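Novice: Here is how the chains run, residue by residue.
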Amino acid sequence: MTPLFGDITILHYLILSGIIFTIGVCGISVHRRSIISLLISIELMLLAVNINFIALSGYWHNYDGQIFSIFILTVAAAETAIGLAILICYFRNKGDIEVSQINHLKG
Amino acid sequence: MANILFYFFSCALVVASFMSISMSHPVHAVLSLIVAFMSAACLFLMIGAEYLGASTIIVYVGAVAVLFLFVVMMLNNDKISSKKPQTSNKLGLLAMVAAAAVIYYFTTAFNNSPSFLPTPESLAIDKDSNTLAIGKILYTEYFLPFQVSGLILLLAMVGAIMLTLRHNKPTKRQDVNKQIQREKAVKLVNPTTGKGVKL
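Same order as they appear, the protein sequences are chains C and X. Residue numbers for the first sequence follow our numbering, beginning at 389 and rising by one. Residue numbers for the second sequence follow our numbering, beginning at 892 and rising by one.
In case anyone wonders, no lab produced these hints; they're calculated from the structure. What you are looking at is a predicted structure, and each value in this text was computed from that prediction instead of being measured. Every residue, glycine too, gets a C-beta built ideally from N, C-alpha and C. No false leads were slipped in.
Computed footprint of chain X on chain C, listed as stretches where at least three residues anywhere in the stretch have a Cβ under 8 Å from a Cβ of chain X:
id, region
1, 411 to 421
2, 426 to 439
3, 460 to 471
4, 474 to 483
In isolation and in its complexed conformation, chain C is listed as follows (with noise of 0.2 Å):
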């Protein structure tokens, strides 16, 4: 395996990328109470999601990948735009954020 620099290889970046997605995953079923826990979770998986792309576009030597991470990061900063917005509107009706309590559009 042709390392990337040094002695790491591309091995390296996948398991490490590996490792954030679960540690994302993981947040989301501990913390299922508050939606700011819930989004930084998301962050994270998304975050672990560009590593991968970036880290096989300089294996591959090929800029597609960090074209796409381009529009991970546009949309996760749009997701995270609108769901902050909807959680201060919900705030500013209850007066709390419980995920649990958020069942009004079940109907």
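Place chain X on chain C using the hints.
Specialist: Chain X in isolation, oriented as in the chain C frame:
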């Protein structure tokens, strides 16, 4: 040297992201998220993706994390932080152990077999700098997705403003409709010297 730097930043990334999900106080969680993003940006720099490293710092640390901090401080802080995660703590621990086992399995299984990824065909040194090469592709081949991503950002901006804007009663604001329909808005007065004008 590069190995030491990689291991340093990756350890910082893992520890910071673990802390960002395990901290009970949301402000601490967001601060460790910032540390995680910074070390991820350093890892991007080490692999040669300079533009992505810089834009990760600008977008995530400069915008997203600050947005998180604003929201955490705006909302009622005591109410949020007092509720600790009580359900499925064991489940998360179990998932973490399972993840460690899976990662160990994959490293041992794939480390000796070079064929799980196709090797790169050419290891040609890139002529252009990273930002220049990205720009050359982004503005030609990926022009339409680039425009669409701009549209997504516009949509997010309009949506966030629409969701959070409030029309308070005491706030003075201009009502254009009312202003246009107003009559006798202008009055011509011929003032005499020495006396004031009574409107």
